[in-house]
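Here are the chains, one letter per residue:
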Amino acid sequence: MQFDEETIQKLNALTLVATRVRAGRMRGDRRSSKRGTSIEFADFRNYTPGDDIRRLDWNIYARLDKPFIKLFEEEEDLAVYLLLDASKSMNWGGDSAHKFSYARLVAASLGSIALAGGDQLSAHQLSETGEGQSFGPARGVQQNLRYFNYLWTLEADRRTRLAPALTHFAQLGRRPGLLFLISDLLDPDGFESSLDTLLARGHEIVVIHLLSPDEIAPQIAGDLQLVDREYGDTQEVSIDPVMLETYRRKLGAWRGQIQAFCRRRDIHYVHTSTELPWERFILQNLRSEGIVR
Amino acid sequence: MNFITPSGLLFALLAIPIIAMYLLKIRRREVEISSTMLWRMVLRDRQANAPWQKLRRNLLLLLQLVILSGLVLAAARLAFPGRAIASGSVVLLLDGTASMLAEDGAPTRFDLAVQIAQNIAEETSSGAEITAILVGREPAIILGAESDKSRIAEAFENAGATTTRADWGAALALAAGIGRQSQAGDLTYILISDGGIPNADLPALPGDVRFIPVGERGENLAINAFEARALPGSAISQLFLRLVNFGEQSRTALLRISRDETVLLDQQVRLEPGESLPLTVDAGDSSRARFVAELRNVEAGAPLDIFPPDDRAYTAVAPTTNRRVYLVSEGNIFLERLLLLLPDIVPLRLVPDNSGLFRLPEDPNGVFILDGQIPGESMPDGDLLLLNPPENELFDVFGELESVGAGMVLDHPLSEQLSWESVHIRLTKRIGLPVWGQVLVDSDQTPLVFVGEQAGRRVAVVGFDLHESDLPLQVGFPILFSRLIGYLAPPQAVERPNGTLPLESVAIRPPADAHTVRVTTPSGEILVYEAGNGTILFSDTAETGIYQVEITSPAGSAEEAFSVNFFDPQESTILPVPSVNLGQEPVPAAVENQVANREIWIWLLVFALAFILIEWLAYHRRLGLPQPKTR
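So the protein lines, in turn, are chains H and C. Just add 57 to wherever you are in the first sequence, counting from 1, and you've got the numbering used here. Quick note on numbering: the numbering used here labels position 84 of the second sequence as 74, and the sequence is numbered without any gaps.
Hints listed in this document are in silico derivations from the structure and should not be mistaken for laboratory results. No residue lacks a Cβ here, since even glycine has one placed at the ideal position from N, Cα and C. Check each hint, because a few of them may be wrong.
[Claimed, not checked] Derived contacts from chain C toward chain H, CB cut-off under 8 Å, selection only:
no.: 1; residue: ARG18
no.: 2; residue: GLU22
no.: 3; residue: SER24
no.: 4; residue: TRP29
no.: 5; residue: VAL32
no.: 6; residue: LEU58
no.: 7; residue: LEU244
no.: 8; residue: ARG246
no.: 9; residue: HIS457
[As the list claims (entries may be wrong)] Derived CB-CB ranges, DEER-like:
no.: 10; chain 1: H; residue 1: ARG305; chain 2: C; residue 2: LEU(-1); range: 40 to 48 Å
no.: 11; chain 1: H; residue 1: ASP253; chain 2: C; residue 2: LEU607; range: 36 to 44 Å
no.: 12; chain 1: H; residue 1: GLY313; chain 2: C; residue 2: PHE1; range: 37 to 45 Å
no.: 13; chain 1: C; residue 1: LEU3; chain 2: H; residue 2: ASP246; range: 57 to 65 Å
no.: 14; chain 1: C; residue 1: ASP198; chain 2: H; residue 2: VAL299; range: 52 to 60 Å
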């Protein structure tokens, strides 16, 4: 998968915005709130693919045969985490409005912006036990192709409970950063407590809530036995216009509850339908939310 | 509301499986969705009330139960008592007798009957022919095979009840004849009456017969007889009165008797149910007077009962005229003695002149008793009693007969209670009965006694010589001859001044020399008749009250009176009956003013079909959304 040139130009013109800038260990495009002593050496850290090899300390590499990167205090980078819900419920929505495809495009866009901005990007397929595939940390635009390849090897083919998966991620002890959760949030056990855990780790969280058009306004009627794609559960329901109206009201209330929860915790919450073109979502919706600029 | 086939209601049990199918298991299509989480949230509240919650707002179940209800009611043949919509030929028999004037209808029973008849006519299917017979003293067809509803309504509006009893036999015979001639298909007889129909000797009706009773109450206190008579040999009159309680409750009432606006009696009377109370009241010197008796409620201003016609009675006393009765006989001690005993006549026995011939006086108002002979060349002017008549100009005489058989008393007012069983006749004239003759006593060979009116005079004929029979020794002799004399020489021109019922005829026999007779009705209407043609039959007696009769002759005018009263126990018994017998078949009463059950199953089926259509629409509306993918 590859974006066309025009899209890449548009994306490269964007920058991810973290209202609470986290101190980075690497020179980035963001100025630190701490005014240090110019280009004073600060520390070493392990090399990670995508690091500017000009900052590799060749002397140490020659002496220890291990790559280390020199860190300078007056500049910082931003850790960007993209957590992708790859549960079976995301594998839904038809060709034009497939949720997981849409989620990959959004993740690709955000990752591309991060890489172009010199931020440290990590992407993770959410899983409760850590067996999900991960990407990064990486930085630099030259990592785009690898990142895209990573995204397009993912499949939404597993059961995933959001709360354990997010808690597991929080326990990995990553440095605080800007964390994007891209999910349909359709987890009967809820996920709110795990967001609190992530907040406690110092992350700035953006929840991107994806739903397909037929989840927002179901086009079904009659006496049905609904089968849950992810868990295989069944639910008997007689759907008539009154019931559909009730569903729409309930959905609105549910999203309202999530939004209120997020607002209380200073978490960004953006919901969208997969029928909205992803470019417009990135360039308009996220920009209007102040997440990119 | 009732059910003609109640067992059809068992189909209502089908509601159980219908509801059970909704409650237990609905055959559902499997549809895969991304997550059932949101639907579970939607259904959470509803499932709290399961299983009944499943039935809420379930339009299809509701419609199916409504359809089932309609079909069950149709199967049970739901029907409402109502006036049946008749088709074909409908013959309405409308009771127009006096009891229908009872004021427990709208306002009378007859008014109510007319309303019912009009309603029936309104609901009769178009094309049906309605014939209406007003059953009264003489049955009258007020509507003949009519299907135009405006004419039907007009005919009923013009109908009215009378204060008479009905000739049900004639009315039913007429109705049966109309029914047999009808070509309009189904034949239905509808009898609207309060009863009073005799149980026997009524013809059967060839068709479906329905009886609609009218009236509710039966309380009625009545004056059943009222008559004034002069005491023999005096000008003092005595009033006879009979009160009857036809109801089923004890009644107390005020009785007032007046003579020419003067109150003679005003007292309270009490009668037990069914009691008949006779009263006699001295009326004082009243050779010419009018009397009115009236029953009133003890509560001033309140009506006595619901049937006023018999609450008031009238009678009149007028001076009598003693007519001369001439006896022409060779000698008949039986007749002579009898004539001396009879009141209101002046008996005269003629004797032959020196030549042995009888010379009859010119007295057109006299009565001549010709015993075995006819003096002169022709019959004298005046009324005649002929005994053992010779050949004459009035009827044929064919010699004599010996030892005729037993005589038979025929039905006639003059022969009532007359016993002829022990009368023997040895010799009698054989007489050809004239056309004007009405036989009182007949034999197998010749009439023995007959009367009649011929050319304006009255004639009575006894075909045998009293000496040739033992009749004078029998008790029937004074009865027969006093009646014959009374017939020939009534004390008044009005023959029956009391006891006339409404619409009955009253015979007025003015003197031979009278030229006009004026009758003034109780309401003041004056009717003038020309005298000279014998008896005048006055029939305009619909009103009850006292009728004044003024007879004008060259000698002056004489006034008499007669009364018309509603003395009819049958019609005063106003309690409605629940059923009647027609032609040995009991006809039960229909409910109120309705005659049959009206089934509405056809409307129920239409109703059910309409709801099936609604259900079909609702079902497709429900499935009208794009179909989901099935698993």
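- Message: Verify the CB-CB distance for ASP198 of chain C and VAL299 of chain H against the hinted window 52 to 60 Å.
- Response: Given range 52 to 60 Å: holds, Cβ gap about 55 Å.
- Message: Is the interface hint satisfied for TRP29 of chain C? The criterion is a beta-carbon contact with chain H at less than 8 Å.
- Response: 5 Å, holds
- Query: Close enough to count: is the Cβ of ARG18 of chain C nearer than 8 Å to one in chain H?
  - Reply: 4 Å, holds
- Message: Restraint: HIS457 of chain C near chain H, CB-CB cut 8 Å. Satisfied or not?
- Response: Hint violated; HIS457 of chain C Cβ to chain H Cβ min 118 Å, cut 8 Å.
- Message: Let's test the interface hint: is any C-beta of chain H closer than 8 Å to that of LEU58 of chain C?
- Response: Check failed: Cβ of LEU58 of chain C comes no nearer than 20 Å to chain H, outside 8 Å.
- Query: Is the hint on GLU22 of chain C kept, meaning its closest Cβ partner in chain H is under 8 Å away?
  - Reply: 5 Å, holds
- Given ARG246 of chain C was flagged as interface, is its beta-carbon under 8 Å from a beta-carbon of chain H? Violated: closest Cβ of chain H sits about 82 Å from ARG246 of chain C, beyond 8 Å.
- Cβ separation of LEU3 of chain C and ASP246 of chain H, checked against the hinted range 57 to 65 Å: Violated, at about 47 Å.
- Range agreement (Cβ of LEU(-1) of chain C with Cβ of ARG305 of chain H, hint 40 to 48 Å): 45 Å, holds
- Message: Tell me if the beta carbons of ASP253 of chain H and LEU607 of chain C are separated by a distance inside 36 to 44 Å.
- Response: With Cβ atoms ~53 Å apart, the hint is violated.
- Can the hint on LEU244 of chain C be confirmed by a CB-to-CB distance to chain H that is less than 8 Å? 78 Å, violated
- Message: Min Cβ distance, SER24 of chain C to chain H: is it shorter than 8 Å?
- Response: The hint holds - SER24 of chain C has a Cβ within 8 Å of chain H, the shortest such distance being about 4 Å.
Hints 6, 7, 8, 9, 11, 12, 13, counting from the list given before, are not met by this structure.
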